[in-house]
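Participant: Listed below are the residues making up each chain.
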Amino acid sequence: MPDTPQVKSSFSWQIKKPIAGPIILALAAVFCAVFPLFGSTGTLRLMNEIMALMIMAQAWNLLAGFTGFVSIGQQAFIGIGAYGLFVTSIETGLNPFAAVFLGGLAAAVVGILSAPALFRLRGPYFAIGTWVLAELFRIVILNTQKFGSGSGLTLARVIKTIPREYRTSGTYWVALFLTVFTIFLVYFLLRSRFGLAVRTVRDNEASAESVGVNILRIKFIVFIISAFLTGCAGAISYLNTMFINPYATFSVEWSALLIFVVIIGGIGTIEGPFIGVLFYFFLRETLSDFGTWYIIALGLVAIAMMLFVPNGLWGMVSKRFNINLFPTGATVVMKKG
Amino acid sequence: MLKLENIQKSYGSLKVIHNMSCELSQGEMLGIIGPNGAGKTTLFSAISGQISVDGGKIFFLGEDVTGLPAFKRCMAGIGRSFQIPRPFHGMTIFENARVAANFGAGLSGKTADKFAIQAIELSGLADQLNTPCSSLSLLDRKRLELARALATDPKLLLLDEIAGGLVESEIHDLIDILKEIGRRGISVIWIEHIVHALTSCVDRLLVINFGAKIADGDPNTVMALPEVHEIYMGLDVEDAS
Chain A
1 MPDTPQVKSS FSWQIKKPIA GPIILALAAV FCAVFPLFGS TGTLRLMNEI
51 MALMIMAQAW NLLAGFTGFV SIGQQAFIGI GAYGLFVTSI ETGLNPFAAV
101 FLGGLAAAVV GILSAPALFR LRGPYFAIGT WVLAELFRIV ILNTQKFGSG
151 SGLTLARVIK TIPREYRTSG TYWVALFLTV FTIFLVYFLL RSRFGLAVRT
201 VRDNEASAES VGVNILRIKF IVFIISAFLT GCAGAISYLN TMFINPYATF
251 SVEWSALLIF VVIIGGIGTI EGPFIGVLFY FFLRETLSDF GTWYIIALGL
301 VAIAMMLFVP NGLWGMVSKR FNINLFPTGA TVVMKKG
Chain B
1 MLKLENIQKS YGSLKVIHNM SCELSQGEML GIIGPNGAGK TTLFSAISGQ
51 ISVDGGKIFF LGEDVTGLPA FKRCMAGIGR SFQIPRPFHG MTIFENARVA
101 ANFGAGLSGK TADKFAIQAI ELSGLADQLN TPCSSLSLLD RKRLELARAL
151 ATDPKLLLLD EIAGGLVESE IHDLIDILKE IGRRGISVIW IEHIVHALTS
201 CVDRLLVINF GAKIADGDPN TVMALPEVHE IYMGLDVEDA S
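As given, the protein sequences belong to chains A and B, one line each in that order.
Here the numbering used here is used: position 21 in the first sequence is 21, and no number is missing along the way.
Here the numbering used here is used: position 99 in the second sequence is 99, and no number is missing along the way.
A few of these clues could be false.
As the list claims (entries may be wrong) - Each computed DSS-like pair below joins lysine-lysine, with the alpha-carbon atoms no more than 27 Å apart:
#, chain 1, residue 1, chain 2, residue 2
1, A, K16, B, K114
2, A, K17, A, K335
3, A, K17, A, K319
4, B, K3, B, K110
5, B, K179, B, K155
6, B, K57, B, K213
7, A, K16, B, K213
8, B, K3, A, K335
9, B, K213, B, K155
10, B, K15, B, K57
11, A, K16, A, K335
12, B, K179, B, K114
13, B, K110, A, K335
14, B, K114, A, K17
15, B, K114, B, K3
16, B, K110, A, K17
17, B, K179, B, K213
18, B, K57, B, K72
No wet-lab data here; the hints were simulated from the structure.
Produce the entire structure from the sequences given, and follow the hints as far as they go.
Facilitator: Written out as structure tokens, the structure reads:
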């Protein structure tokens, strides 16, 4: 413990405690929670997909946007989460909604085991390393009978044990819970002293160590949290479609999509991934009838955004109107007198 | 409080530090001078743990810290500033110092906030608490290096060319801050090329060249030595000040 500081500050101050964002989020969550009572199954399915992608995007952004580690192997955790859910509920008959969390845990365990090797790599090497991890799991599953090999697995038999009216809404509530949980977790984590340390790792590792931050520990914890959340989201995503195969699940297109939505929304902000996901689904729902042209349009949008709106949609709005719903920084406010 | 025993460091075949031994007592302010490439910054990195040494031992407060990683040495009380400022550019001045107070000094909550703000005040940045570090001038970035190192609650402060690149009036402000730090009983090792700034503050002066100690002692006596003059290519102390 340091000595009692001898010199008193010549001014008084306090740290700003913003609550607007969490309140808006809590209200939105309450509204969304009753949505299954009147929404159609098709709409619920779409909402599930949106929420799963939101969780994945937050998790990728925590790793890349706040800690500075760009992963292009998130599909490893998506796939492990999804396979974790399918295998446990098919083999043990466990309620698939509960198995979502087991999927997340499975991804976290893989994260724990692979982190020591991955964090020996930096920058682009780290990115490729994560991709290799995903490929590794794809190949293993492709060659394992128990996991359905190349033809995949279906939840059809498991889902018959769930009453019809809860099949989609059950997934919806789990997804909603995890979305809200993820945003609050990331927000409060980043506002804590841990969050400050996370940002120092991104900005300058040598400086971070020189002010007492154990950078390996920080990277490790962030990676595990990201793996867990991504695993849960992967489980939700495939619980929603009820069918899984190693080609789609471990496809690098997942990571490409995450990079797309986070960069378009605004990397390194909590609002960014949220906006990016909504924007992506808006494009998809309006343009997907155009087939291949839709993919080209997405690419053009991505290029245009990077050229003209490098801070993403939320970065632009936040700067223009000077609003910040989930500020991760600490602002000192001077008190009068 | 700090004791170096036969420190050695090489980069490939290049020997940067040869058998360097040195001691520093509590509350002492030691200046280090030497030509470019003499091994000054390497010595700092070895003390603060950014690099590992090839041989020799480092004792801090009686403990052998040779094998400790940088963050643990910081927590033990060794704070450093970098020659080329390395602020956390995505963070404000306050956040830069707060993270140091949190992790280096091991404080939390309001106590950490207070400690960080005091370090910032002492370094002369109190009017810019919420300024993002990406927009700071060189002087302010140097001050931030100091504020951040102070916020780790150091018992030993390593300053690497903190006055380099500053104009005369700015150097004077900095000297006042350093004298205040000295009064608080913090031991300081200060590498600097601006000799008059050093000699006006330090208790002792160490001259190194090619990774070896050339002279060590009272600043004025050391600066008068012919071998020191030679290293500085005839540069006269009187001229320099």
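Participant: Each of the hints needs a verdict: does it hold here or not?
Facilitator: Status of each hint after checking the structure:
1. A:K16 - B:K114: holds (14 Å)
2. A:K17 - A:K335: Satisfied, since the Cα-Cα distance of roughly 14 Å is no more than 27 Å.
3. A:K17 - A:K319: holds (20 Å)
4. B:K3 - B:K110: Violated - the C-alpha atoms of B:K110 and B:K3 are around 35 Å apart, more than 27 Å.
5. B:K179 - B:K155: holds (15 Å)
6. B:K57 - B:K213: At roughly 17 Å apart (the allowed maximum being 27 Å), B:K213 and B:K57 satisfy the hint.
7. A:K16 - B:K213: Roughly 51 Å separates the two Cα atoms, so the pair is violated.
8. B:K3 - A:K335: Distance ~46 Å between B:K3 and A:K335 Cα, so the pair is violated.
9. B:K213 - B:K155: Given pair B:K213, B:K155 holds - Cα atoms ~24 Å apart, limit 27 Å.
10. B:K15 - B:K57: holds (17 Å)
11. A:K16 - A:K335: holds (11 Å)
12. B:K179 - B:K114: holds (22 Å)
13. B:K110 - A:K335: holds (15 Å)
14. B:K114 - A:K17: Measuring from Cα to Cα gives roughly 16 Å; hence the hint holds.
15. B:K114 - B:K3: violated (32 Å)
16. B:K110 - A:K17: Holds - the C-alpha atoms of A:K17 and B:K110 are around 13 Å apart, at most 27 Å.
17. B:K179 - B:K213: It holds: about 26 Å lies between the C-alpha atoms, which stays within 27 Å.
18. B:K57 - B:K72: holds (16 Å)
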